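Start from the sequences, fold in the hints, and give me the full structure.
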Amino acid sequence: MPDLRWRNAPRVPSVEGMNEHPTNKTSGLGGRLPLLPPDTLDEAQRALYDRLSATRARSAEEAGYTAALPDGRLIGPFNALLRTPHIARPLLEWAQALTRAGIPADVREVVILTVAAHWRADYALYAHTAAAEKAGLPDLAIASLLHGEAPRGLRPDADLAHRLATALVRDHRVRDDLYDEAVAAFGTNTLIALVSLVGQYLSTSALLACFQVPAPSSDRTEEPAA
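Mapping of the sequence shown onto the numbering used here: position 24 corresponds to residue 243, and the numbering continues sequentially without gaps.
Since the hints were derived computationally from the structure, they do not count as laboratory data. These numbers were taken from a predicted model, which means no experiment stands behind them. One or more of the hints may lead you astray.
The list that follows gives simulated cross-link-like pairs (lysine to any residue, SDA-like), each with its CA atoms no further than 25 Å apart [to be verified]:
1) Lys353 to Glu312
2) Lys353 to His337
3) Lys353 to Ser272
4) Lys353 to Glu280
5) Lys353 to Pro323
6) Lys353 to Leu311
7) Lys353 to Arg319
8) Lys353 to Trp338
9) Lys353 to Gly321
10) Lys353 to Ser278
11) Lys353 to Ala369
12) Lys353 to Thr274
13) Lys353 to Ala412
14) Lys353 to Ala404
15) Lys353 to Leu410
16) Lys353 to Ala324
17) Lys353 to His366
18) Lys353 to Ser436
19) Lys353 to Val414
20) Lys353 to Val417
21) Lys353 to Pro289
22) Lys353 to Leu317
23) Lys353 to Arg394
24) Lys353 to Gln419
25) Lys353 to Arg277
26) Lys353 to Gly372
27) Lys353 to Asp378
28) Lys353 to Arg382
29) Lys353 to Asp376
30) Lys353 to Ala314
31) Lys353 to Ala282
32) Lys353 to Trp313
33) Lys353 to Phe405
34) Lys353 to Arg371
35) Lys353 to Leu373
36) Lys353 to Leu421
37) Lys353 to Gly418
Written as structure tokens, this is what we have:
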């Protein structure tokens, strides 16, 4: 099986036994932001926490990656979002709308990995490697996406989605021929959803980059401990 590690990923300790009270700004799973214990949250944060735990943390577990520690603290972008419920709530509505937009699972994961690889957003790459495997993407295609390379072995619409996302995040423009191909393949409404998905993960990747949020150990069999 190919090496699915993402390029230039920092050497992150295993979540098992990891210090969650760091002595410097970037030594814990929260990166620059300490993880928030559930019993310290205010009313608005607690409502958001309950929603994230019931949706995002549960779907992460089903996909095979970690979004919550055994003591309930959230990791990844969710730890940062807990601090601003008024911003997080509409972002979650946006994300949920995109899940109902009819984008096939493999196409969705190709777009997300393309954006996250461009930003080298380690937690997003970690999480969506698992999601891409669940969506049935070939191992070699995942490995190529993680390294920012053009993947092989994709279905035509997934390959087109990769080229579209690459044009947006790398070139910041979409050529007429690529646009025409995308409209013909996806239709205008699904194309709008795909471009919005790129925007969603540009936002997520920026959040992860600013706060230097790491990926936990790539060994998904380990149970994290506080």
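Status of each hint after checking the structure:
no.	hint	result
1	Lys353 to Glu312	holds, 24 Å
2	Lys353 to His337	holds, 22 Å
3	Lys353 to Ser272	holds, 20 Å
4	Lys353 to Glu280	holds, 12 Å
5	Lys353 to Pro323	holds, 12 Å
6	Lys353 to Leu311	holds, 22 Å
7	Lys353 to Arg319	holds, 18 Å
8	Lys353 to Trp338	holds, 23 Å
9	Lys353 to Gly321	holds, 17 Å
10	Lys353 to Ser278	holds, 12 Å
11	Lys353 to Ala369	holds, 20 Å
12	Lys353 to Thr274	holds, 17 Å
13	Lys353 to Ala412	holds, 21 Å
14	Lys353 to Ala404	holds, 24 Å
15	Lys353 to Leu410	holds, 23 Å
16	Lys353 to Ala324	holds, 9 Å
17	Lys353 to His366	holds, 19 Å
18	Lys353 to Ser436	holds, 19 Å
19	Lys353 to Val414	holds, 23 Å
20	Lys353 to Val417	holds, 20 Å
21	Lys353 to Pro289	holds, 23 Å
22	Lys353 to Leu317	holds, 18 Å
23	Lys353 to Arg394	violated, 32 Å
24	Lys353 to Gln419	holds, 21 Å
25	Lys353 to Arg277	holds, 15 Å
26	Lys353 to Gly372	holds, 16 Å
27	Lys353 to Asp378	holds, 18 Å
28	Lys353 to Arg382	holds, 22 Å
29	Lys353 to Asp376	holds, 18 Å
30	Lys353 to Ala314	holds, 19 Å
31	Lys353 to Ala282	holds, 6 Å
32	Lys353 to Trp313	holds, 23 Å
33	Lys353 to Phe405	holds, 23 Å
34	Lys353 to Arg371	holds, 18 Å
35	Lys353 to Leu373	holds, 15 Å
36	Lys353 to Leu421	holds, 22 Å
37	Lys353 to Gly418	holds, 23 Å
Violated hint for the displayed structure: number 23, the only one.
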